[in-house]
Amino acid sequence: DTAVSQTPKYLVTQMGNDKSIKCEQNLGHDTMYWYKQDSKKFLKIMFSYNNKELIINETVPNRFSPKSPDKAHLNLHINSLELGDSAVYFCASSQGADGYTFGSGTRLTVV
Amino acid sequence: RKEVEQDPGPFNVPEGATVAFNCTYSNSASQSFFWYRQDCRKEPKLLMSVYSSGNEDGRFTAQLNRASQYISLLIRDSKLSDSATYLCVVNMGSNYQLIWGAGTKLIIKP
Chain L
1 DTAVSQTPKY LVTQMGNDKS IKCEQNLGHD TMYWYKQDSK KFLKIMFSYN NKELIINETV
61 PNRFSPKSPD KAHLNLHINS LELGDSAVYF CASSQGADGY TFGSGTRLTV V
Chain R
1 RKEVEQDPGP FNVPEGATVA FNCTYSNSAS QSFFWYRQDC RKEPKLLMSV YSSGNEDGRF
61 TAQLNRASQY ISLLIRDSKL SDSATYLCVV NMGSNYQLIW GAGTKLIIKP
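Line by line, the protein sequences are chains L and R. With this note's numbering applied, the first sequence has no gaps in its numbers, which climb one by one up to 111 at the end. With this note's numbering applied, the second sequence has no gaps in its numbers, which climb one by one up to 110 at the end.
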């Protein structure tokens with residue numbers, strides 16, 4: 001069983017569209033994250049939820065809206081997609097001070 | 001100055017050699033440190049945590065130097081499969097504030 005699974009793996013869409021990425025973890029972790037890795041390979045945190053509560057909300061356009069229906073799921077909805085949103089989006093989870101477990105990533109290409 | 005800095009490389013190293021790279025951090029209050037490995041077009045995976053007393057796992061050794069604010073990763077007897085990007089991660093005080101370096105690319109050549 002995959003510990004952190006995110007779907008879809010690839011997403012190609014036109015500018016202006018709205019899309020969602022889903023993430024689920026079966027590790028029983030309390031904290032989940034969304035990260036963005038751009039073409040320069042920098043990993044930047046976007047959001048973090050702890051037990052369904054938003055605890056980190058970095059400077060991200062409000063076109064990006066996370067939703068955590070329960071502590072095992074953290075979805076990311078993006079409105080009005082722009083070219084600059086093209087990147088790899090990683091979901092991750094952690095428990096306490098342990099390291100993160102990442103999903104395999106969603107490669108978003110906006111055309 | 002960036003919060004976490006790494007030499008981007010690439011480091012081109014012959015198989016079997018020993019290679020080491022460092023990562024510097026700016027916040028002296030940083031509490032915990034990690035090395036992650038990221039293969040091309042894959043997700044980052046935890047390689048090892050870095051403890052004050054140092055940490056060794058097989059061919060890999062991680063060290064922390066708080067006075068000079070850097071952590072290091074040493075790989076002995078390097079294998080072709082060690083080729084990857086190595087990411088330095090610093091916890092600034094809570095589990096939610098991990099700061100990631102941009103990574104050091106390592107290429108092991110036969």
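The set of hints was computed from the structure by calculation and includes no laboratory data. A few of these clues could be false.
[Said to hold, decoys possible] Okay, the calculated beta carbon distance ranges per label pair:
hint : chain 1 : residue 1 : chain 2 : residue 2 : range
1    : R       : 79        : L       : 38        : 40 to 50 Å
2    : L       : 51        : R       : 41        : 26 to 36 Å
3    : R       : 79        : L       : 73        : 30 to 40 Å
Even glycine gets a Cβ: it sits at the ideal position worked out from N, Cα and C.
Among all the numbered hints in the text so far, which are the ones the structure does not match?
1
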